[in-house]
Amino acid sequence: MNWLNVCSVLDLQNDSGICALVNGEQIALFYVQNTVYAISNFDPFGNANVLSRGVIGDLKGKIVVASPLYKQHFNLKTGICLEDESVILPVYASRIENGTVQIGVTS
Amino acid sequence: MNIKPTLVVIGNGMVGQYFLSQLAESPLKDTHQIVAFCEEIRPAYDRVHLSEFFAGKTAEDLSLVPHGFFEQNGITIHLNDKVVSVNRANKTVTSEKGIKFPYDKVVFATGSYPFVPPVIGNNRPSCLVYRTIEDLEQMVASAKNGKVGTVVGGGLLGLEAAKALRDLGLETHVVEFAPRLMAVQVDEAGGAMLRHKMENLGIRIHTSKNTREIVAGENCLNKMCFVDGEELETDLVLFSAGIRPRDELARSSGLAMGARGGIEINNQCKTSDSDIYAIGECALWNGMIYGLVAPGYAMARTVVADLQNHESFFTGADMSTKLKLMGVDVASIGDAHAKSQGALVYTYQNGSDEIYKRLVVSSDKKKLLGAVLVGDASGYGTLLQYYLNGIELPENPDSLILPHRSDESVGLGVDALPNSAQICSCFNVTKGDICSAIEAGCQTIDDLKTSTKAATGCGGCGALLKSVLNSELTKQGVEVNTDLCEHFAFTRQELFDLIRVGEIKTFADLIEKHGKGLGCDVCKPTVGNMLASQWNDFILENSHVGLQDTNDTFLANMQKDGTYSVVPRITGGEISPDMLIALGQVGKKYNLYTKITGGQRVDLFGARIDELPHIWKELIDAGFESGHAYGKSLRTVKSCVGSTWCRFGVDDSVGLAIELENRYKGLRSPHKIKFAVSGCTRECAEAQSKDVGIIATENGWNLYVCGNGGMKPRHSDLFATGLDKETLIKYIDRFLNFYVRTADRLQRTSVWMENMEGGLDYLKSVVIDDKLALCDQLESQMQYVIDTYQCEWKTTIEDESKLKRFRHFINSDQHDENVIFVEERGQIRPANEGERKHFKLTEVT
Ligand SMILES: Cc1cc2nc3c(=O)[nH]c(=O)nc-3n(C[C@H](O)[C@H](O)[C@H](O)COP(=O)(O)OP(=O)(O)OC[C@H]3O[C@@H](n4cnc5c(N)ncnc54)[C@H](O)[C@@H]3O)c2cc1C
Ligand code: HEM
Ligand code: SF4
Ligand code: SF4
Ligand code: FES
Chain A
1 MNWLNVCSVL DLQNDSGICA LVNGEQIALF YVQNTVYAIS NFDPFGNANV
51 LSRGVIGDLK GKIVVASPLY KQHFNLKTGI CLEDESVILP VYASRIENGT
101 VQIGVTS
Chain B
1001 MNIKPTLVVI GNGMVGQYFL SQLAESPLKD THQIVAFCEE IRPAYDRVHL
1051 SEFFAGKTAE DLSLVPHGFF EQNGITIHLN DKVVSVNRAN KTVTSEKGIK
1101 FPYDKVVFAT GSYPFVPPVI GNNRPSCLVY RTIEDLEQMV ASAKNGKVGT
1151 VVGGGLLGLE AAKALRDLGL ETHVVEFAPR LMAVQVDEAG GAMLRHKMEN
1201 LGIRIHTSKN TREIVAGENC LNKMCFVDGE ELETDLVLFS AGIRPRDELA
1251 RSSGLAMGAR GGIEINNQCK TSDSDIYAIG ECALWNGMIY GLVAPGYAMA
1301 RTVVADLQNH ESFFTGADMS TKLKLMGVDV ASIGDAHAKS QGALVYTYQN
1351 GSDEIYKRLV VSSDKKKLLG AVLVGDASGY GTLLQYYLNG IELPENPDSL
1401 ILPHRSDESV GLGVDALPNS AQICSCFNVT KGDICSAIEA GCQTIDDLKT
1451 STKAATGCGG CGALLKSVLN SELTKQGVEV NTDLCEHFAF TRQELFDLIR
1501 VGEIKTFADL IEKHGKGLGC DVCKPTVGNM LASQWNDFIL ENSHVGLQDT
1551 NDTFLANMQK DGTYSVVPRI TGGEISPDML IALGQVGKKY NLYTKITGGQ
1601 RVDLFGARID ELPHIWKELI DAGFESGHAY GKSLRTVKSC VGSTWCRFGV
1651 DDSVGLAIEL ENRYKGLRSP HKIKFAVSGC TRECAEAQSK DVGIIATENG
1701 WNLYVCGNGG MKPRHSDLFA TGLDKETLIK YIDRFLNFYV RTADRLQRTS
1751 VWMENMEGGL DYLKSVVIDD KLALCDQLES QMQYVIDTYQ CEWKTTIEDE
1801 SKLKRFRHFI NSDQHDENVI FVEERGQIRP ANEGERKHFK LTEVT
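Here the protein sequences line up with chains A and B, keeping their order.
As numbered in this note's numbering, residues 1 to 107 make up the first sequence, in order.
As numbered in this note's numbering, residues 1001 to 1845 make up the second sequence, in order.
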């Protein structure tokens, strides 16, 4: 696994999201309880790159983001949509190293 | 040639029209030719709510005839034409305009006329009665030239008329022949309490007064001279001394009459001629004339059944009544005077709160025979059910009228009612009818109103209807979970109180003390919104920003492609050419799609997230501020051009709209709030479809509340009339903050009102009479929000750290390649699916 630096932890917004461009892909980064979660920024229901601007929270123990367009919920750990489990978003490895946010890419 | 039998209905008043509506729903509509004659110039209107004419309702608002009713049901109506003779031998009717019609059956629904006592001078100028819209128009005209008004008659109608005179700005007197007010309905002590209350409202009461004659006055137009030698100067005299049946036509046709008038009818409502029926206030059944609509409606139903040869009887009607006279509850049930053999009486009198209650029970204390309630009629529904259904009384009947200060509930549970119990007497809807409707899927009061008509007449049965609904839903196991979400086991209102009383300023604090988990997209924005309503901190503070929906986070409305719209405030819809040019320049520079909205302002669409701060910088420099189109908050105060320019304008609607918009801008609320102000009753600003609507009248501002356009339109309710600006603003302050505190999340004022126990009257008692002693708090909270207003965009662009998120990528200046515009009608729009594919292909090649 190759870890790419994305931004500073200071760029993150606690309990909220931002979007980063990594290898041409739009990745939504969420900062919850000192952990960074990374999923695709593309909302497959609204067909727009907006998930980083959703509200985050937990539903029945799962940490989720709600799409700002039509409010479907996506599990931040698995990318699975709670309303339609056949819809699964890409999930990315992520971590914070010395104050820097990193995304893991294979190859 | 006409082969259908002809049915002629004489009179198109409340009962006549109800009869037609029942016909229209029956097969008779197709088997009969139906012809109606109406003496008045307009078809039936709601006399019961006639007094609302003074509060701004028009003849059209009061109409009881749905648009197209006559045409759609093949009914011929002759307006402004009365029947002058009924020839029973030839079976024809003839009208004043000379129309002659053969009939098979006739229904008299000619109503009644106000009785004017035969005193000398009763036809002097400004001596009037109170029955038709024309009467009311005359009252308004007479009141314009006078200062004093006197009602002759202190009964139900007389007191209602007194209110009308008072509202017209006259010094108001009531002259009553009997020694007390409402002698028919209430007993002596109840009458005394009522009198005291009326006097406190500024109405002068003169009882035991017999008018001898009316002559020209010295200081006023008229002078009333009483038998006891006293005199009263008054401009307007309004007779409300009872009604007399309109039986002149029936009499001349030779039908049997009562000794003191009235067309005699049997249990099928047939007169002495079996082809002729009489219903409503012209009919005399068992020696009784019923001066209420419900018995008239029951007669109408009987006739519709009888015409179809269905067995049906009219067997008298209950005359119990409840009404609100100038905010004073008065109710009377059954034998109020305890005239029944062996009747026992319980009385409760509370001098300090001015409440009087009296129960009349049978000698074995098992049955309720009658009751009188003054000052607090909340127990009316329960008592009426005991009375009508002969339900056995509790061991100590007085528990029903004694105030219960502990938690024990003595109200009659609706479960105790039999299915045959009549819940709505106006439309004869029983508990059984309501239960079936609920079984068939009705879940709300609105559903029930539509499907059963219950509570759509006088409205008196509303509270009871709600209890039946709740009880039935609970039985069906429809659990009414009111928790906000899985993180908070509270309603929004409860959480609001916790925030307010506990002075909680952050979501983290609230969820730690009163909730669990991390929160979600339901509770976070709701709490963010409540914190803003109460403390009004900047919503993008670090502790708040994670709570906001994307629209609030980026202070703009997200559109379908992830771009945003920009909506600057244009108060009252007034904008100078220079500002308009500035707006146009910004739109042009950033290539935005521009559109005029329904809220009288301009939306600019298609702004990328990174462009928002630049656009707003330019707008703010040009003098604009945030329009809060993104928030659950005040949107716009729409206005018509008003008296400044309009020929009809009575007051400056634009000026008021601007003042109100500036006052309430930025207030966060359970849902968006829209206002409008019209400069006269032509209502060009459509204020009656808004949460808060204001209409200028000659006497001041009329305030309407809880209207809605949108998905489920609702006409607003008239809340207060003839207000000066100061009072108007005070009421709106209180109203808005009460809404903010008590509404559910995302509940517009219209739905809030529909669900409010006690409805409009309750809201008035809170906002106008300060029943909850809350008004000071509500006003000072509003002042706090006004004092802490800030243009959120101005604060944002002045704070570097807040601007960091206004870019699509945190680590790149590139734009979102998925945002693609094409041109249409000379402006941009988001590309659709097909266009996108094409675009991507051309990009690759
Ligand atoms: C101000 C006011 C408040 C009231 N409040 C209440 C209340 O709270 N609750 C309640 O139950 N009741 C109330 N009432 C009473 C209620 O309005 C009447 O019971 C009801 O209107 C009776 O209906 P009706 O059709 O019998 O008579 P009306 O409504 O009077 O209709 C009779 C119609 O027949 C017409 N007519 C008469 N003769 C002829 C003819 N020869 N040819 C053609 N047309 C003719 C008349 O012009 C009239 O339009 C109130 C009445 C008033 C005036
Ligand atoms: C995501 C949902 C919605 C969006 C983005 C949206 C957006 C807008 C915008 C931008 C305006 C112009 C407002 C202004 O000038 O401030 C507007 C007006 C309006 N909206 Fe919506 N709206 C939404 C949902 C609704 C709903 C659910 C209703 C009905 C209940 C509604 C009813 C109206 C009405 C009646 C107007 C005209 C305003 C007026 O004449 O005062 N909208 N809407
Ligand atoms: S509501 Fe009245 S004042 Fe306003 S524009 Fe219409 S007619 Fe003129
Ligand atoms: S009516 Fe529907 S389509 Fe039109 S703006 Fe409102 S929500 Fe959008
Ligand atoms: S009792 Fe009048 S509306 Fe139901």
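The set of hints was computed from the structure by calculation and includes no laboratory data.
Any given hint could be a false lead.
To be verified - List of simulated lysine-lysine pairs, PhoX-like, C-alpha gap at most 25 Å:
#	chain 1	residue 1	chain 2	residue 2
1	A	LYS60	B	LYS1513
2	A	LYS71	B	LYS1516
3	A	LYS62	B	LYS1513
4	B	LYS1147	A	LYS71
5	B	LYS1105	B	LYS1322
6	A	LYS77	B	LYS1449
7	B	LYS1057	B	LYS1029
8	B	LYS1163	B	LYS1730
9	B	LYS1589	B	LYS1804
10	B	LYS1449	B	LYS1804
11	A	LYS71	B	LYS1560
12	B	LYS1105	A	LYS60
13	B	LYS1057	B	LYS1147
14	A	LYS62	B	LYS1516
15	A	LYS71	B	LYS1057
To be verified - Output of the computed footprint for chain A on chain B, the stretches with three or more beta carbons under 8 Å from beta carbons of chain A:
#	segment
16	1517–1523
17	1543–1549
18	1552–1562
What the hints assert, rightly or not - Computed Cβ-Cβ distance ranges for the label pairs, DEER-style:
#	chain 1	residue 1	chain 2	residue 2	range
19	B	GLN1827	A	ASN2	58 to 68 Å
20	A	TYR70	B	ALA1059	45 to 55 Å
21	A	GLU25	B	GLU1823	43 to 53 Å
22	B	SER1576	A	ASN2	55 to 65 Å
23	B	SER1451	A	GLU25	16 to 26 Å
24	A	LEU10	B	THR1727	50 to 60 Å
25	B	ASP1578	A	ASN5	47 to 57 Å
26	A	GLU25	B	LYS1588	27 to 37 Å
27	B	LYS1516	A	ASN2	36 to 46 Å
Given the structure is predicted, the values throughout are model-derived calculations rather than measurements.
Quick reminder that beta carbons are idealized off the backbone N, C-alpha and C, glycines included.
Consistency of the hints with the structure:
{"no.": "1", "hint": "A:LYS60 / B:LYS1513", "verdict": "20 Å, holds"}
{"no.": "2", "hint": "A:LYS71 / B:LYS1516", "verdict": "22 Å, holds"}
{"no.": "3", "hint": "A:LYS62 / B:LYS1513", "verdict": "22 Å, holds"}
{"no.": "4", "hint": "B:LYS1147 / A:LYS71", "verdict": "62 Å, violated"}
{"no.": "5", "hint": "B:LYS1105 / B:LYS1322", "verdict": "36 Å, violated"}
{"no.": "6", "hint": "A:LYS77 / B:LYS1449", "verdict": "48 Å, violated"}
{"no.": "7", "hint": "B:LYS1057 / B:LYS1029", "verdict": "32 Å, violated"}
{"no.": "8", "hint": "B:LYS1163 / B:LYS1730", "verdict": "24 Å, holds"}
{"no.": "9", "hint": "B:LYS1589 / B:LYS1804", "verdict": "23 Å, holds"}
{"no.": "10", "hint": "B:LYS1449 / B:LYS1804", "verdict": "53 Å, violated"}
{"no.": "11", "hint": "A:LYS71 / B:LYS1560", "verdict": "13 Å, holds"}
{"no.": "12", "hint": "B:LYS1105 / A:LYS60", "verdict": "70 Å, violated"}
{"no.": "13", "hint": "B:LYS1057 / B:LYS1147", "verdict": "24 Å, holds"}
{"no.": "14", "hint": "A:LYS62 / B:LYS1516", "verdict": "14 Å, holds"}
{"no.": "15", "hint": "A:LYS71 / B:LYS1057", "verdict": "43 Å, violated"}
{"no.": "16", "hint": "1517–1523", "verdict": "holds (count 6)"}
{"no.": "17", "hint": "1543–1549", "verdict": "holds (count 5)"}
{"no.": "18", "hint": "1552–1562", "verdict": "holds (count 6)"}
{"no.": "19", "hint": "B:GLN1827 / A:ASN2: 58 to 68 Å", "verdict": "45 Å, violated"}
{"no.": "20", "hint": "A:TYR70 / B:ALA1059: 45 to 55 Å", "verdict": "47 Å, holds"}
{"no.": "21", "hint": "A:GLU25 / B:GLU1823: 43 to 53 Å", "verdict": "30 Å, violated"}
{"no.": "22", "hint": "B:SER1576 / A:ASN2: 55 to 65 Å", "verdict": "59 Å, holds"}
{"no.": "23", "hint": "B:SER1451 / A:GLU25: 16 to 26 Å", "verdict": "55 Å, violated"}
{"no.": "24", "hint": "A:LEU10 / B:THR1727: 50 to 60 Å", "verdict": "53 Å, holds"}
{"no.": "25", "hint": "B:ASP1578 / A:ASN5: 47 to 57 Å", "verdict": "49 Å, holds"}
{"no.": "26", "hint": "A:GLU25 / B:LYS1588: 27 to 37 Å", "verdict": "34 Å, holds"}
{"no.": "27", "hint": "B:LYS1516 / A:ASN2: 36 to 46 Å", "verdict": "39 Å, holds"}
Consistency with the previously given hints fails for numbers 4, 5, 6, 7, 10, 12, 15, 19, 21 and 23, ordered from lowest to highest.
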